[in-house]
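In order, the protein sequence lines correspond to chains W and B. Heads up: the first sequence at position 20 corresponds to 20 in my numbering, and the numbers run straight through without jumps. Heads up: the second sequence at position 599 corresponds to 599 in my numbering, and the numbers run straight through without jumps.
Worth flagging that the hints you see were computed from the coordinates, not collected in a lab. Glycine is no exception: its CB is placed at the ideal position from the N, C-alpha and C atoms. Each hint should be verified, as a subset may be incorrect.
Stated by the list, open to error - The following label-pair restraints were derived from C-beta to C-beta distances:
| id | chain 1 | residue 1 | chain 2 | residue 2 | range |
| --- | --- | --- | --- | --- | --- |
| 1 | B | L617 | W | Y7 | 37 to 47 Å |
| 2 | B | G806 | W | A191 | 51 to 61 Å |
| 3 | W | A486 | B | P652 | 47 to 57 Å |
| 4 | W | N100 | B | G816 | 17 to 27 Å |
| 5 | W | G487 | B | L739 | 51 to 61 Å |
| 6 | B | P652 | W | A191 | 34 to 44 Å |
| 7 | B | G806 | W | N100 | 20 to 30 Å |
| 8 | B | Q251 | W | R454 | 51 to 61 Å |
| 9 | B | V745 | W | G15 | 57 to 67 Å |
| 10 | B | F534 | W | A191 | 33 to 43 Å |
| 11 | B | P657 | W | S195 | 26 to 36 Å |
| 12 | B | A348 | W | Y7 | 29 to 39 Å |
| 13 | B | N910 | W | G487 | 31 to 41 Å |
Stated by the list, open to error - Stretch-level coverage of chain B by chain W, calculated; a stretch enters the list once three of its residues show a Cβ under 8 Å from a Cβ in chain W:
| id | region |
| --- | --- |
| 14 | 57-69 |
| 15 | 656-662 |
| 16 | 930-944 |
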Amino acid sequence: MKNKKIYLNAATGFGIMAALLFAQGCKKSFLNATPATTTVATQFWKTQNDATSAVNAMYADLHNWNDIAFAPIAIESMGSDDVTKGSVPTDATFMNEYNNFTVTAGEGQLEGFWTGMYNNINFANQILDNVPGISMDGSLKARYLAEAQFIRAWDYFRLVRAYGDVPLRIHVPKNASDYNLARTPKAQVWAQIQSDLTAAAAVLPTTYSAADVGHVTKGAALALNAKASLYLKNWADVVKYTNAVTALGVYSLFPNYEKMFRTQNKNNVESIFEIQNMLIPNNPAASNSQYSQVQMPRVTEPAGGWGFNDPSPSLVAEFESGDPRFIGTVIITGTTTPEGDMIDASAPNPYYNMKSYVPFDEYVSGYNQGCQQDKICLRYADVLLMNAEANNELGNSAAALASLELVRARARAGNAAILPKVTTTDQGALRTAIYHERRVELGMEFDRYFDVIRQGRGAAVFGPRGWKAGKNEVWPIPQNEIDLSAGTLTQNPGY
Amino acid sequence: MKRIFTISGLVLLFSFFIITAYAQNIAIKGKVSDAATSETLIGVSVTVKGTTTGTQTDVNGAFSLSAPSNATLVFSYIGYAGQEVPVNGKSVIDVRLNAAQNELNQVVVIGYGTQRKIDNTGAVATVKGADIAKQASTNPLSALEGKVAGVEIINSGSPGSSPQINIRGMGTVYGNTKPLFVVDGVWYDDISFLNNDDIENLTVLKDASSTAIYGVRAANGVILITTKRGKAGKAVINYNAYIGWQAVTNQVQMANGTEYATAINELYSENGVTPAFSDNPAQFGTGTNWYDQILRNAFVTNHQLSISGGSDKYNYNVSFGYLDQDGIVKTNNYQRYTVHVANDFKVAKTVKIGFTANILSGSSKDIDGGIFHEMYTAAPIVPVFYNNGAYGDPADYNVGGGANYNPEATIDFFHQKSKTKQLSGNVYGEWDIIQGLKFRMSFGGQLAQSEVRGYDPIYFATGGQQRITSSLDVNHTENRDWIWDNTLTYDKTIKKHKITALLGYSALKNRTSYADAFADSVANAASGNLHTSFPSGTNVNLTYPANAQFLTTQLSQFARVNYSYNNRYLINASIRHDGASEFYPNPYGWFPSVGAGWVISNEDFMKGQHFFSNLKLRASYGEVGNANVPINPSLLTVTNDPTQYTAIFGNPQTANPGKSINTVVPPTTTWEKAQGTDVGIEAAILNDHLQIEAEYYNRITKNAVFNIPIPGSTGENGPNGGILGNQADIKNDGFEFTLTWRQQVNHDWFYSISPNLGINNNIVTKVLSGNNPIYGGGNGITNGSLATRTVQGSPIGEFYGYQVVGVFQNASQIAGSAQKGTQPGDFIYRDVNGDGQISSTDRVNLGNPNAKIGYGVNTYIKFKNFDLQLDLQGRADVSIYNANLAYRFGNENFSQDFYDHRWHGDGTSNTYPSVNIGSTANSAPNSFYVTSGAYFRLRNAQLGYTLPGDLMRKWGIQSIRLYANAQNALNIFGYKGFSPEVGGGPTNLGIDANVYPLYATYNFGVNVTF
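So that you can see chain W by itself, here it is in the shape it has in the complex:
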């Protein structure tokens, strides 16, 4: 009896263990655990909402740190004679290296700009590769693809003028052999930029409904195409594209130059391509644009910012006397801004960027200063000046003078005593006048540095600070990228 009981007990014990050990049941599915908030890629790219989300991510990325703050200041602004480093002397001294052309390949902003642009290009490529496969409204799909093409062209535009030959990636990498692309000759990159813009212009609408303001328009694609042609010295194309922008009939010059850049006048009649930012209520973390914060006057009020990228005495001197664009471009320390803020004389810098400035009363504690400030990347005045320059190069002085006068007239605002009309038909003199007009019209808008280089005047204008022809037309390829490519990427000459 006792033995039987022992064996029965033992059998039961082993039985339980065996059942537990060998039960196949829910085994493997038990191990398939993903938190509900994570989306797996295989379940994405299925619906119209997915396409919209991807387009949103691409636009949102435009106001990330590397795309809108320090890296663009270093790469697209610091080299010019329009700016000084700003802030206190001991702060971010690497910025000086861009200003005096002593930068070497290991400097951090080079890598930041490079990766910032390519991250944005990736978002565009994700849309272009994956959205065609989604079954959704046809015209919306075509519009999304066109928007992705524009943004990709915009990113490559910034890359090619900063670094010259750059890897041209137009599809999402599929496997490891795709990761390491060599540098593509810049002519090919420009060609891709222009073909993307041409295709986009054909599809993008001229305007959007109120809810969709901020998406790129046909005018943006045409204007950027004009700018690309300007860099390539295809004057006829410049004239063609700029005239097409005018012909859309939706753009005109905003009457008050200084007010054009204030938050009350976002997406005004002159703005063609504007990066949208917002102070999102109850969400400081997502209100992440630091575009304004890094340039705001370095005053001790909480609304003050870091004070980088300040107008230089050279830019200040460029303005003709009485030009109201001066007060719309430059904040003078020790004076009160047109918006009523007194910039205390104790601030460490004499001038600050007026175009990125947000009045102190718009500051909200806990948010980046000026996080609500948009960045106007293309505007109608620029289109008119491109038109003037190209027409002049083609010998059409009348057309050139007409476009130039439209810009000056807006600045003049009816005051006949300032900004006399330019009348010279001499190509050289008119060219100089147009170059001057570009500088005072588009000052502090991240345009001057590469503009002067493409005009062939780099050595003349920047030479005194150390700019060397044959080297400084482009910045060095980031050393980190060369290392990662194990030598597939080569360095620019001179670095």
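Here the structure of chain W is known, so what remains is to put chain B in place on it, guided by the hints.
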């Protein structure tokens, strides 16, 4: 007067009477002999418990003394298990003592069971709960510091926080470096919920063969903790309490007002800024000492009451604990209540069930994490308050950015409270199926909720410290974990063969969910600045960040066999099959282990000698895994981080969440697997007075998850801009030595000394895609420069930067150098490749933050009723990076040491740079910031006195012990920062950017047993 005297006199007489009435001594005699051999034992100590009365056995093993008839006699003898025998009126007491081969017959806790120490072939270290409870630490891990060779504890210091623990070096780069904690069979990542006084026993499983039974979570070692359970017998009530205070030690001195103004003047002139900062630095005098202002001596008190008891059929243990600890930073406080309940019931002859529950309720008033940096950098020329009561405003002194804060205002207007409630424990049942065969099932887990609530009010303190809108942020974390264990154990001894076999099956699920709610413009409550809920009508932004939700599951089967032959030859083998959800769809792995041992001292040829009472050789090998890698690394996921991907459209503007893919398809990733070998020798010599343990270990982590950066043109933007995959091997190897000397000099004196030493070498041995380095350690470094490099052939996270060879004294020296853009006072860097310029290729290895040597000495002295414990501890051959020195953006203050030695003119210093140390050129990671992190300290000193037993007994108290304790009272180190204990993850270890200052704790306590 007269009356009082009379009354007190009566009381005295009365008590005397009572004492004499009780103290009816009788004469007792007897003999003590060895239970196994019946030999009489000479020199056995016989004492009356709770008194100093005692004697020793003579050459015949006989003793005689007189003691109260209700006393207890205590017999103790080195090498034998002690006994306590109540007198109960007997006049002859003969005692047989059992030889205890020291700890070897004792039982150690191993994974899923226990084993005699003699049979163990792995590296297992045991620390008694009493030793942990003795320390003034509020966290059990802090109490371990210096006690176990090979275990490194790095304290962060702040109240309620858990220290970092590394067992035998860092074996992973991306995974978690935490060991697995098993408390009463339930798995945890963190044991800060445990009250030290509730711990019965803590075991550290160090080598792979001991930890392999835990498979996939075992790569960093395992710590097993059993909490106290009841014991059969009369109810015992324990009360332990202490009160004390904490005070900052090794305070770093900062420059005073005059020195600060002088330094800033120099800073201005070196940067061509005019006019000078101050035309009369002397006017500022001493200025404000911000450390004195913000830090304080902080009060701490801890109380614990426990009741335990039981019978043959059941037992219980219930304890309550209360801790109240102020932090050394003003307003910081941590309070904790703990409850521990353990019950065992023998419901039938063969069935036992029971449960353990640990409940914790903790709350803290938090401080702004940046306050340490603020105290370090705030300008001393700014007063704390003006005469009119307003806060001193740095703007009034033109201090500018970088130091534009008044730390007192930061403290006063930071309102954050954290609350945690946790229930953890398990329920189990054991069935003795047949003789030797036992089945055990247990189900346990934890339910924890914590909430952090931070409120920013509208206030004005200084120009730079004010808010014009209020906000409230509440985040909520919830953990729900369960684990289900089933084991079948079979124990059998047949003649000389002893075998134990184990079969097990286990499943677990861990879930963490996190939510964050934020709202602007939350009006101040009437009674103060804090809130318990969002006022109705508030627009709350609620987010569930995807990267903060975790869900993992695991399914495992395991088996183990322990075999010993004739107590001489030992073999232990185990295997575990784990499936873990992190690596789905390839979640499985096998983790085997084997160990062998030879107890040489039990051999026939060793019978005659008396030198070795124990000599054992052991060797083991095992494989373990690390599942604590970033979750689901093989899965391509969509990113929807709202802080990065919220697009703005429309007029009026609206926020539009975005989602897309910004990673490339990752390769299939599997376990990191560690293969560990361990060889050791254990010996006890000189009549068991000296025990020695020495071993060599070698642990290789294979398939370590490494992030290989890929070209930026891919546009991929993973956690560190690369692809995560199994791409590297890492090796940790070293030696451990532990000695313990114990001696009962006579029946008044006993002492023991136990030094331990661990030496560890860490190196990355192989990276599959070649020499691709990983740079890290950018936190707290100016401009985010990366100060560490992990690459094949070097330790993880080695400091990497320029080598400083001097300081430029004048312009002509600069003109002839490779650094033409610098100015006098800047560092001279070595041009390693001789190319005439200083660039990133001139960087060299600067130091290793992985400590090579850790040691401790634990001494214990007992004299009559006094006991003294001295624990010393230290680390050596370790480097740390002083990032505070160069983390400058403006006019931050300087340390006194820096000010005194700075370069301020031709010939004034060739080692320290000028005050322009924050410039890009000087703040680049370089050798000036890397110093030795070695330290030596008196970790704990405790003097205790146990009150004489005679007084106690009549109050029904078994013992009262009073003690005075000092922790970290004496610290010796060369590091010029606050504390050389600087933690961090694998690629940013040892970077001191914001470290909690070192402090000593002095307390007085009492242990009462009823």
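Going through the hints against the structure:
In this structure the hint that L617 of chain B and Y7 of chain W lie 37 to 47 Å apart at CB holds, the actual value being about 41 Å. Separation of G806 of chain B from A191 of chain W is about 53 Å and conforms to the stated range, judged on CB atoms against 51 to 61 Å. With their beta carbons about 51 Å apart, A486 of chain W and P652 of chain B fall inside the hinted range of 47 to 57 Å. Under the hint 17 to 27 Å, the C-beta atoms of N100 of chain W and G816 of chain B, about 21 Å apart, fit the expected range.
The supplied range of 51 to 61 Å is met by G487 of chain W and L739 of chain B, whose beta-carbon atoms lie about 55 Å from each other. One distance hint, 34 to 44 Å for the beta-carbon pair P652 of chain B and A191 of chain W, holds here, with the actual separation near 40 Å. For G806 of chain B and N100 of chain W, the Cβ-Cβ distance of about 26 Å falls inside the hinted range of 20 to 30 Å, so the restraint holds. For the pair Q251 of chain B and R454 of chain W, the supplied restraint of 51 to 61 Å holds, since their beta-carbon distance comes to about 60 Å.
Look at V745 of chain B against G15 of chain W: about 59 Å separates their beta carbons, and that is inside 57 to 67 Å. With their beta carbons about 56 Å apart, F534 of chain B and A191 of chain W fall outside the hinted range of 33 to 43 Å. For the hinted restraint 26 to 36 Å between P657 of chain B and S195 of chain W, the CB-CB distance of approximately 32 Å keeps it satisfied. For the hinted restraint 29 to 39 Å between A348 of chain B and Y7 of chain W, the CB-CB distance of approximately 19 Å leaves it violated.
The hinted range of 31 to 41 Å is satisfied by N910 of chain B and G487 of chain W, whose Cβ atoms lie roughly 40 Å apart. Using a Cβ-Cβ cut-off of 8 Å, 0 residues of the region 57-69 of chain B lie near chain W, which falls short of the minimum of three, so the contact claim is violated. Coverage of a stretch by a chain is defined here by at least three residues with a beta carbon nearer than 8 Å to that chain's beta carbons; for the region 656-662 of chain B and chain W the count is 7, and the condition holds. With 0 residues bearing a CB less than 8 Å from a CB of chain W, the region 930-944 of chain B misses the requirement of three and the coverage assertion fails.
In this structure, the hints that do not hold are numbers 10, 12, 14, 16, in rising order.
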